[in-house]
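Peer 1: The residues making up each chain are set out below.
2 protein chains.
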Amino acid sequence: MQKKVISEAVVKRLPKYYRAVKNLSDQGINKISSNALAEMLGITASQVRQDFCNFGGFGQQGYGYDVAKLKQELATIMGLDHDYNVVIVGAGNIGRALGGYQGFEKYGFKVRAMFDSNPVIDNVGGIKVYNMSQFESYVKDNTVDMAVIATPKAAAQSVADRIIGSGIKSIWNFAPIDLEVPDYVSIENISMSESLLVLSYRTKNNV
Amino acid sequence: MQKKVISEAVVKRLPKYYRAVKNLSDQGINKISSNALAEMLGITASQVRQDFCNFGGFGQQGYGYDVAKLKQELATIMGLDHDYNVVIVGAGNIGRALGGYQGFEKYGFKVRAMFDSNPVIDNVGGIKVYNMSQFESYVKDNTVDMAVIATPKAAAQSVADRIIGSGIKSIWNFAPIDLEVPDYVSIENISMSESLLVLSYRTKNNV
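Protein chains in written order, with this note's numbering: chain B, 7 to 213; chain Y, 7 to 213.
Derived from the structure by calculation, the hints contain no laboratory data.
Be careful, since some hints might not be right.
Just so you know, same-sequence chains aren't split out, so a pair can sit in one copy or run between any two.
DSSO-like cross-link-like pairs, simulated, lysine-lysine; straight-line CA separation at most 27 Å [to be verified]: (1) K22 with K146; (2) K146 with K28; (3) K146 with K75; (4) K134 with K28; (5) K116 with K159; (6) K146 with K18; (7) K116 with K37; (8) K18 with K159; (9) K134 with K37; (10) K112 with K22; (11) K175 with K22; (12) K146 with K116; (13) K22 with K134; (14) K146 with K37; (15) K18 with K75; (16) K112 with K175; (17) K77 with K22; (18) K75 with K159; (19) K146 with K77; (20) K134 with K77; (21) K75 with K210; (22) K175 with K37; (23) K134 with K75; (24) K75 with K175.
Using the sequences provided together with the hints, build the complete structure.
Peer 2: Here is the structure:
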């Protein structure tokens, strides 16, 4: 069977669907129509049905979606049906904030270790900070599914190269640079500076 | 003259243009063709010309763009031609990391104060942390152009309401919630959890 390519726009809506459905589930709501779900996301019902078609539909039109089932199917699609072992490279301000980021635990991401080229602290909220010189041996001895880059811009590409060289195939990048990675590596960037500049534009132009 | 509406996609590319042009300028490069600029951003040259058309074009086809002029025009469009006074609400992990975020200073955003409902520290890198009860009086006595929300999700909407009530019209939101704000307020969200879930999807599906 050929692998279906899901568009970037659909992928970016998946977390919004998941968050909405999780909220419904937390409130004890069992059924949701595509109309109501669409309204929660600020999109059209036809867009919801079209998006879900990519994954087999999730239920019958006219009956609404079963919230528990939808939540579970979305979780499986997004890989939230198992835990990930995560390491953070960079124990500066951003790295330390990420060490305490509750979203990790919530979605099954377990931060196992932090690394820094010049560690000035021993641990971040109980997560041990290793010297970056120990990175490869740590990854060799432990299962690591994902690495977070929280280094300055200048170090980010060489850190990415070491992460990839060690066999890790998933990178969450907080450094303000577009990293070059092979196709088989999954990467997602959080660009704080781009977001700040977009806000600056909106503020200046009153939009 | 009627105000031209710039599409969201173009607005989101502005920081990328700015970053590329700033890099060229830092390297002492004076001229850049739309082709070369397009390649830096991973888009087509015709997209670059079309984007720039929204702002009057920035130069003559066939001659390339003047880097210094382009940088200055982009800075003006994005409101980087003046400083902003910024306050951060929430002095937890994220707030503290933001207090030390160098991007602020780089683009003329001056973090003047932090607020917390229960301050456990006096200052973050020299930025004073006030009790949230002092928020309105601080904003009344000082010019504040922008507020950053770095609170837990549960507090974010009520904090947003207080920010808007105090007269601030620009919000950078780090809480994982879609805030309801009036049309005249500029808002930009950084959703760490959505980004993490997108990465989770990519990792699971090898894309």
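Peer 1: Could you work out which earlier hints the structure fails to respect and list their numbers in ascending sequence?
Peer 2: 1, 2, 3, 4, 6, 7, 9, 13, 14, 19, 20, 22, 23, 24
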